[in-house]
Amino acid sequence: MPMAFDLPTIWAFIIAFAIFAYVVMDGFDLGIGILFPAFAEGRERDAAMNSIAPVWDGNETWLVLGGGGLMAAFPMAYGVILSALYTPIIAMLLALIFRGVAFEFRWRDPGHRKYWDAAFTFGSLVAAFAQGITLGGLLQGISVDARAYSGGWWDWLSPFSLLVGVALVCGYALLGATWLIMKSEGSLLDHCYRLALRFAVATIVGMAAVSAWTPFLANDYYLRWFAWPQVLFTAQVPLLVAAASVGFFFALRRKHSYLPFLIALGLFALGLIGLGISLYPYVVPRAITIWDAAAPAKSLGFMLVGAAVMVPIILVYTGYAYWVFRGKTGHEGYH
Amino acid sequence: MFDAFDATLLARLQFAFTVSFHFIFPSFSIGLASYLAVLEALWLWTGRAVYLDLFKYWLKIFALAFGMGVVSGIVMSYQFGTNWSVFSDKVGPVIGPLMAYEVLTAFFLEAGFLGVMLFGMNRVGKSLHFTATLAVAVGTFISAFWILSANSWMHTPAGHAIAANGQFVPVDWIEVIFNPSFPYRLVHTVLAAYLTTALVVGGVGAWHLLAGRKTDGTRVMFSMAMGMITVVAPIQILAGDQQGLNTLEHQPVKVMAMEGHFQSHSDGAPLVLFGWPDMKEGKVLYDVSIPKLSSLILKHSLDAPLAGLDTVERSEWPPVPIVFWAFRIMVGLGLLMLLLAGVSLLARVRGALYDWPWLHRLALAMGPAGFVAVIAGWVTTEVGRQPYTVHGLLRTADSVSPLEAPAVATSLLAFICVYFIVFGAGVHYILRLMSQPPRHDEEGPHGDVPARAAGITPAPAVAARQGKV
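Just so you know, the sequences run in chain order A and B. Counting from 34, one number per residue, gives the positions in the first sequence under my numbering. Counting from 183, one number per residue, gives the positions in the second sequence under my numbering.
Worth flagging that the hints you see were computed from the coordinates, not collected in a lab. The reader is advised that the hints may include incorrect statements.
Which residues of chain B face chain A? A partial, calculated answer using Cβ under 7 Å [unchecked claim]:
no.: 1; residue: Gly249
no.: 2; residue: Ile256
no.: 3; residue: Val257
no.: 4; residue: Tyr260
no.: 5; residue: Ser270
no.: 6; residue: Pro275
no.: 7; residue: Met281
no.: 8; residue: Phe289
no.: 9; residue: Ala293
no.: 10; residue: Arg305
no.: 11; residue: Val351
no.: 12; residue: Ser471
no.: 13; residue: Ser583
no.: 14; residue: Pro584
no.: 15; residue: Glu586
Simulated coverage check for chain B against chain A, where a stretch passes if three residues somewhere in it have a Cβ under 8 Å from a Cβ of chain A [what the hints assert, rightly or not]:
no.: 16; segment: 294-303
no.: 17; segment: 507-516
no.: 18; segment: 589-597
no.: 19; segment: 607-613
Backbone N, C-alpha and C fix where the C-beta goes; we use that ideal spot for every residue, glycine too.
Using the sequences plus the hints, can you model the full thing?
Structure (structure tokens):
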């Protein structure tokens, strides 16, 4: 695989990093939303909410960076992908509204807290599902003609894209449960160990199903994964997933506090690497490469200066914000 | 062809709707973040409890407004791709990086420190907490800087070239960022945000003064708000005038629409106060005008000639009635703000700031005026740029995504329903908070649950508990 470290490649990695940061960070937020109905009203829910209230906004900013970065670095891909996946993207945006306002609204209106809790769950679930469908819709391919999307507004709908949606919902629930294992105590903690086990099984099954299906979507993917001698490299990915899964169940059984979350992050990282193997150097499979879509060097270089300076600073103060709110969260939390 | 037109119109409606709704929240939170920083600074400096009470009071409202700003803003960062994919493809290399800089330098800063600002007072101590408040306030300003730079570039594009594939490509970043209308727009918009916030704070103060709740908190907030309006309202009118002159230089057609000048005037153009611009007839019906005043305002000379829309192809006309009326709403509200500034100054000089019910009634009525003026100003400038997305270079009709009309219609309907439900509830909660006066020992955000010891648990205890697991 040719790997020239030119500006488009660097930007592909930066955006991949932003997407990864988004998926794992907002992933556990959304996961907690998905798991919310499983928690007892009152203390358990309040504690779960409090564990993410100070950080969710920062987590979601990575989504804006992913979108804004894609528009700036690969404007043609941004336009094509977003108009092709119009419906799931709009559904995600609307769902994120319900999810985002519930953080404040549930405290402001105890009389209607149940409704905002339901909005929180519904928003988290739909956002996660829509993100999965978006990914599935992209992987299965988008019809492109003369720099623009040329399909209809239901092209994204397929058994495959729905499967990816379900798998991502399970994955986010896993992240949420393992995050709460780190942050909770008492009955909520016990509850989360049980939920983590269930959703780990579901996530691994989901990953296996998506991975098994992908190579058969198009001949291209098949070759990328199974052609000799590349298979020696690509085979490491499922092997590592298997190893991580074993490690996860071991960590859960030993009631580790941090390890389940870290291994869950590892599973997502492996998923992203798998995605990279399937896609690179295309942003739209078989249609648009990163070089086709890239903005001119003058744009990419200008932004690279900003990213090189700002991303490390962002990571430092994001880390600081997490550090301030470290440790177990009570149900009354920081309030 | 007919379908494509419908999808374009729906996409425009959707963008106008979502951006107008979104714009309400930042135009409030930019000013409110600065106000909170000032309140916290005053508290740290003087030690007076009233400033802390006010800080906590407005922090609760800020948390709600900011949350709604964030979620409605995420929509905007994706609307460009979903509904305006051709625009994104063509313009992305120029304005995309400006938006990326906004995310990198502003959004992360605001979001990163918002948690500390809202929840961290007991965890990080006073000075670090104040740093967080300042970071959020500075973040809102940086955000305005970049997004208005990008927006201004669409009005007065500069520093770019057009590539063979039809894309706009940057040539000189300084020229792109500091394009000709940007400094004027930035000043005008940021002042508008400060005015909007001051009007809201003043309106809330006036409400409680009228209800006889003349506590320290209500007095201080009313006084601060009126002081801010007295200083900023006149400056804003000057800033608006300057932006108008800049628009006349770079986008004369927009000014013709704002003024309702269908005809050219060779020796002094009248100022049309009111009337109904009829685009078909090409004249303003039922007009009330003052001769030669428009030339005086725009050219600083009574007899200066001014060209009208008759010098421009009809295909280049913006929708004149919308621009004409939106502009009048904005200016009218601006003049009322100036009136409020004058009356409150008079009351202050007479030592009767808290005693004139008519002043308080005026301030209360003007409470929401900032929002209306901001939206009206936004409509004036954006609709005035039509039929282009990038002034003179890229037409709106050539910017839209290749979408089917039902897709856009469905999403537009969904946006309208969700926004009215969610933001309606949010505004209701904000009003409910405002209906309570600030109290001594005001609770912080989420003060409806008791403060927990965890917030002040010493670090070793936390560490010990973590180690135990």
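Next item on the list: Against the structure, test the hints numbered earlier, and report the numbers of the ones violated in rising order.
Entry: 12, 17
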